[in-house]
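K.L.:
Each chain, letter by letter, is given below.
There are 6 protein chains.
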Amino acid sequence: MPTVRLISEEEATGKVKAVFDDIKTTRGIDFVPNIWRALAVNPDHLELTWHKLKHAMEPGKLDKLTKEIIALAVSITNGCAYCINSHTTAVKKLGLDNEALGELVAVVDVFNGTNRIAEAYQIEPDILPPEE
Amino acid sequence: MPTVRLISEEEATGKVKAVFDDIKTTRGIDFVPNIWRALAVNPDHLELTWHKLKHAMEPGKLDKLTKEIIALAVSITNGCAYCINSHTTAVKKLGLDNEALGELVAVVDVFNGTNRIAEAYQIEPDILPPEE
Amino acid sequence: MPTVRLISEEEATGKVKAVFDDIKTTRGIDFVPNIWRALAVNPDHLELTWHKLKHAMEPGKLDKLTKEIIALAVSITNGCAYCINSHTTAVKKLGLDNEALGELVAVVDVFNGTNRIAEAYQIEPDILPPEE
Amino acid sequence: MPTVRLISEEEATGKVKAVFDDIKTTRGIDFVPNIWRALAVNPDHLELTWHKLKHAMEPGKLDKLTKEIIALAVSITNGCAYCINSHTTAVKKLGLDNEALGELVAVVDVFNGTNRIAEAYQIEPDILPPEE
Amino acid sequence: MPTVRLISEEEATGKVKAVFDDIKTTRGIDFVPNIWRALAVNPDHLELTWHKLKHAMEPGKLDKLTKEIIALAVSITNGCAYCINSHTTAVKKLGLDNEALGELVAVVDVFNGTNRIAEAYQIEPDILPPEE
Amino acid sequence: MPTVRLISEEEATGKVKAVFDDIKTTRGIDFVPNIWRALAVNPDHLELTWHKLKHAMEPGKLDKLTKEIIALAVSITNGCAYCINSHTTAVKKLGLDNEALGELVAVVDVFNGTNRIAEAYQIEPDILPPEE
Numbered sequence: 079m080p081t082v083r084l085i086s087e088e089e090a091t092g093k094v095k096a097v098f099d100d101i102k103t104t105r106g107i108d109f110v111p112n113i114w115r116a117l118a119v120n121p122d123h124l125e126l127t128w129h130k131l132k133h134a135m136e137p138g139k140l141d142k143l144t145k146e147i148i149a150l151a152v153s154i155t156n157g158c159a160y161c162i163n164s165h166t167t168a169v170k171k172l173g174l175d176n177e178a179l180g181e182l183v184a185v186v187d188v189f190n191g192t193n194r195i196a197e198a199y200q201i202e203p204d205i206l207p208p209e210e
Numbered sequence: 079m080p081t082v083r084l085i086s087e088e089e090a091t092g093k094v095k096a097v098f099d100d101i102k103t104t105r106g107i108d109f110v111p112n113i114w115r116a117l118a119v120n121p122d123h124l125e126l127t128w129h130k131l132k133h134a135m136e137p138g139k140l141d142k143l144t145k146e147i148i149a150l151a152v153s154i155t156n157g158c159a160y161c162i163n164s165h166t167t168a169v170k171k172l173g174l175d176n177e178a179l180g181e182l183v184a185v186v187d188v189f190n191g192t193n194r195i196a197e198a199y200q201i202e203p204d205i206l207p208p209e210e
Numbered sequence: 079m080p081t082v083r084l085i086s087e088e089e090a091t092g093k094v095k096a097v098f099d100d101i102k103t104t105r106g107i108d109f110v111p112n113i114w115r116a117l118a119v120n121p122d123h124l125e126l127t128w129h130k131l132k133h134a135m136e137p138g139k140l141d142k143l144t145k146e147i148i149a150l151a152v153s154i155t156n157g158c159a160y161c162i163n164s165h166t167t168a169v170k171k172l173g174l175d176n177e178a179l180g181e182l183v184a185v186v187d188v189f190n191g192t193n194r195i196a197e198a199y200q201i202e203p204d205i206l207p208p209e210e
Numbered sequence: 079m080p081t082v083r084l085i086s087e088e089e090a091t092g093k094v095k096a097v098f099d100d101i102k103t104t105r106g107i108d109f110v111p112n113i114w115r116a117l118a119v120n121p122d123h124l125e126l127t128w129h130k131l132k133h134a135m136e137p138g139k140l141d142k143l144t145k146e147i148i149a150l151a152v153s154i155t156n157g158c159a160y161c162i163n164s165h166t167t168a169v170k171k172l173g174l175d176n177e178a179l180g181e182l183v184a185v186v187d188v189f190n191g192t193n194r195i196a197e198a199y200q201i202e203p204d205i206l207p208p209e210e
Numbered sequence: 079m080p081t082v083r084l085i086s087e088e089e090a091t092g093k094v095k096a097v098f099d100d101i102k103t104t105r106g107i108d109f110v111p112n113i114w115r116a117l118a119v120n121p122d123h124l125e126l127t128w129h130k131l132k133h134a135m136e137p138g139k140l141d142k143l144t145k146e147i148i149a150l151a152v153s154i155t156n157g158c159a160y161c162i163n164s165h166t167t168a169v170k171k172l173g174l175d176n177e178a179l180g181e182l183v184a185v186v187d188v189f190n191g192t193n194r195i196a197e198a199y200q201i202e203p204d205i206l207p208p209e210e
Numbered sequence: 079m080p081t082v083r084l085i086s087e088e089e090a091t092g093k094v095k096a097v098f099d100d101i102k103t104t105r106g107i108d109f110v111p112n113i114w115r116a117l118a119v120n121p122d123h124l125e126l127t128w129h130k131l132k133h134a135m136e137p138g139k140l141d142k143l144t145k146e147i148i149a150l151a152v153s154i155t156n157g158c159a160y161c162i163n164s165h166t167t168a169v170k171k172l173g174l175d176n177e178a179l180g181e182l183v184a185v186v187d188v189f190n191g192t193n194r195i196a197e198a199y200q201i202e203p204d205i206l207p208p209e210e
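Residue numbers (the numbering used here), protein chains in the order written: chain A, 79 to 210; chain B, 79 to 210; chain C, 79 to 210; chain D, 79 to 210; chain E, 79 to 210; chain F, 79 to 210.
Calculated directly from the structure, the hints in this document are not laboratory data.
Please note: incorrect hints may appear among the correct ones.
Repeated chains share a single entry, so a pair holds when one copy, or any two copies, can fit it.
[Claimed, not checked] With a Cα cut of at most 27 angstroms, we get these calculated BS3-like pairs of lysine-lysine: (1) K93 to K170; (2) K139 to K170; (3) K95 to K139; (4) K142 to K171; (5) K171 to K139; (6) K142 to K102; (7) K93 to K139.
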């Protein structure tokens with residue numbers, strides 16, 4: 079159960095309403111996801127978080143799907159249930175099927191394991207990545 | 079400093095040598111990265127880990143670069159220095175420039191933050207992802 | 079569902095009863111929180127954990143609220159639902175309102191993000207903190 | 079070693095220079111910390127991150143020192159060396175002495191432990207925090 | 079709720095059926111645990127994961143119970159509810175009683191705490207482990 | 079570099095000296111490991127941490143080596159370099175050779191991976207562990 083009361087769309091005014099409207103328009107959805115309704119407890123943080131996230135998710139050198147895949151990999155690694163549900167929905171909406179999801183999970187599985195091998199044996203870097 | 083002695087290519091025999099050779103061929107490199115030289119302490123684990131990792135990284139529905147991007151996102155989230163260096167080298171070799179790396183880091187930054195917002199307020203899922 | 083049977087206050091005897099009583103007195107509550115009822119499976123660990131925690135939470139150079147804020151920040155970062163609920167209740171009881179909680183969450187959000195930026199680029203320390 | 083080239087203050091122009099200047103003014107320091115020099119690889123992300131962080135750290139219901147204490151507790155929990163150095167320097171500059179730092183560490187120690195007790199026994203919440 | 083449909087034993091064919099059968103035989107159980115039914119979305123990953131896990135859990139220098147204890151310690155540290163339930167069941171089946179479980183939890187508690195003390199003060203290694 | 083000055087054995091007095099002496103006697107070593115020298119900044123926390131840790135590590139239903147193995151598994155999962163070095167030294171001193179260490183690492187690798195599979199697919203528990 080949430081630890082703060084979620085602000086409904088009806089209650090939202092000013093900065094909160096503006097962000098709620100932008101979320102629905104940008105995402106093409108007709109409701110405001112719970113996380114944003116909770117964040118409305120701190121309207122400035124809501125606005126700054128939405129703008130930073132919105133910018134980070136805009137297609138650039140990496141496309142939208144690749145960015146959602148990264149978000150899902152991070153959420154799985156952190157074990158955040160809300161986030162895993164949300165980004166799984168997002169990657170599927172962008173066309174990733176269960177077979178591709180299975181590949182994503184395989185990579186997340188493998189490297190969470192090998193990360194610990196590298197730590198266990200305190201392995202030192204082979205070659206540093208080339209600077210640009 | 080590593081907590082086990084790294085096996086050199088000269089010392090490798092049998093199962094270990096076979097894996098070392100396969101790593102160099104598959105990756106197109108002329109040395110065996112330190113993590114595999116440490117894993118040689120347990121030849122069966124070395125072989126099973128390499129085969130699982132090799133299979134997980136083969137291009138399928140997701141291409142090679144997307145898979146290395148996932149590996150890097152996981153490694154950053156876990157804070158594994160060896161792994162970050164290794165996968166940064168890999169994504170750059172596959173054509174990701176610093177601008178794209180900057181986008182990847184922005185997404186990892188944003189969702190490590192929002193994962194904690196979702197936890198902080200104990201937010202419940204909006205909609206479950208559609209089953210296939 | 080808990081993986082061990084929680085000991086009720088009625089069943090508690092000896093060392094367990096003494097700790098249960100001290101918890102209720104120290105915290106000014108009329109029930110024993112579930113975590114302590116589970117810990118009663120190992121009475122020595124229960125006692126040592128309670129004494130260490132009780133001492134760590136006593137006001138010193140840092141006051142009680144600041145210490146509960148730290149406990150909540152740690153619990154959010156780890157994503158521990160029981161702990162988040164417990165420490166959110168505690169900070170509110172000590173006078174933190176939702177607006178202040180929103181500020182706390184904003185800081186936890188920001189630094190879980192920037193922690194990953196520092197790892198992503200393998201940034202080295204600027205200046206070490208002055209020794210005393 | 080950083081995986082990207084750090085931008086020097088001399089090289090900075092436009093958006094990057096503006097952020098660098100604002101960092102030095104806001105913090106009252108005469109150099110730009112390494113993390114911001116690395117972030118300059120992605121000027122938009124640099125600007126959005128700085129603005130969000132700057133806003134989150136402004137004194138509000140919680141004062142500046144409490145916010146730096148939260149940042150340090152998060153960084154210790156994540157094991158981020160750069161971040162621990164940076165926020166230890168910050169809390170000391172704001173007046174926290176080693177004795178108070180020792181209290182902070184004691185709380186971080188205790189709750190990283192008890193977080194795992196709660197997980198180990200899959201303890202369910204006692205009482206939910208009061209909604210406002 | 080799972081984000082993919084769990085494959086039932088009746089539906090399983092080929093590689094998936096072979097792994098399902100091997101799981102039941104190896105573990106001496108008459109059902110296929112949910113995680114393997116989910117993994118069936120990616121039959122190759124299912125097979126490689128099962129083989130690697132099966133090999134890692136075979137008694138060698140470390141016996142079966144010690145290996146399940148390690149698996150439980152890892153799962154508690156990561157806060158993975160499914161995994162904690164599964165490995166708690168396993169260690170109890172192998173003879174660990176609640177008193178011994180309480181000792182395991184005490185060690186996991188203590189070292190999740192001291193890990194953060196070591197990070198907080200950026201402690202450097204005393205002596206490196208002897209190489210063999 | 080440590081963020082606090084490490085107290086030397088020569089400087090130690092009172093409670094700190096008593097703990098330092100007990101550490102050397104209990105462990106059969108002739109120096110005080112760095113983590114305890116740092117903890118001396120907060121003598122009460124030093125004493126409570128040492129007593130809790132000492133008790134948790136005493137052989138009971140689980141023997142000393144099994145307890146050190148758990149400590150190492152936790153430290154690898156958290157990626158704490160100081161702790162990994164310290165507990166690797168400890169398990170080797172208690173007789174674990176590199177082959178057994180390789181088995182331990184294999185189990186830690188496998189379950190850090192499968193923990194993420196369980197999270198990725200939001201798998202629900204099969205059967206809860208039997209209550210005692």
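K.L.:
Each of the hints needs a verdict: does it hold here or not?
P.N.:
Do the hints match the structure? See the list:
Within a single copy, K93 and K170 get their C-alpha atoms only as close as 31 angstroms, which misses the 27 angstroms cut-off; across copies the closest is 26 angstroms, which meets it. In the homo-oligomer, the alpha carbons of K139 and K170 lie at most 27 angstroms apart both inside one protomer (21 angstroms) and across protomers (13 angstroms), since each shortest distance falls under that limit. Within a single copy, K95 and K139 get their C-alpha atoms only as close as 31 angstroms, which misses the 27 angstroms cut-off; across copies the closest is 23 angstroms, which meets it. In this assembly of identical chains, K142 and K171 lie within 27 angstroms of each other by CA distance both inside one copy and across copies; the values are 11 angstroms within and 22 angstroms between.
For the identical chains of this complex, K171 and K139 are neighbours both inside a copy (21 angstroms) and across copies (16 angstroms), given an alpha-carbon limit of 27 angstroms. In the homo-oligomer, the alpha carbons of K142 and K102 lie at most 27 angstroms apart inside one protomer (17 angstroms), although the nearest pairing across protomers, at 33 angstroms, exceeds that limit. In the homo-oligomer, the alpha carbons of K93 and K139 lie at most 27 angstroms apart only across protomers (20 angstroms), although the nearest pairing inside one protomer, at 31 angstroms, exceeds that limit.
Checked against the numbered hints listed earlier, the structure breaks none of them; every hint is satisfied.
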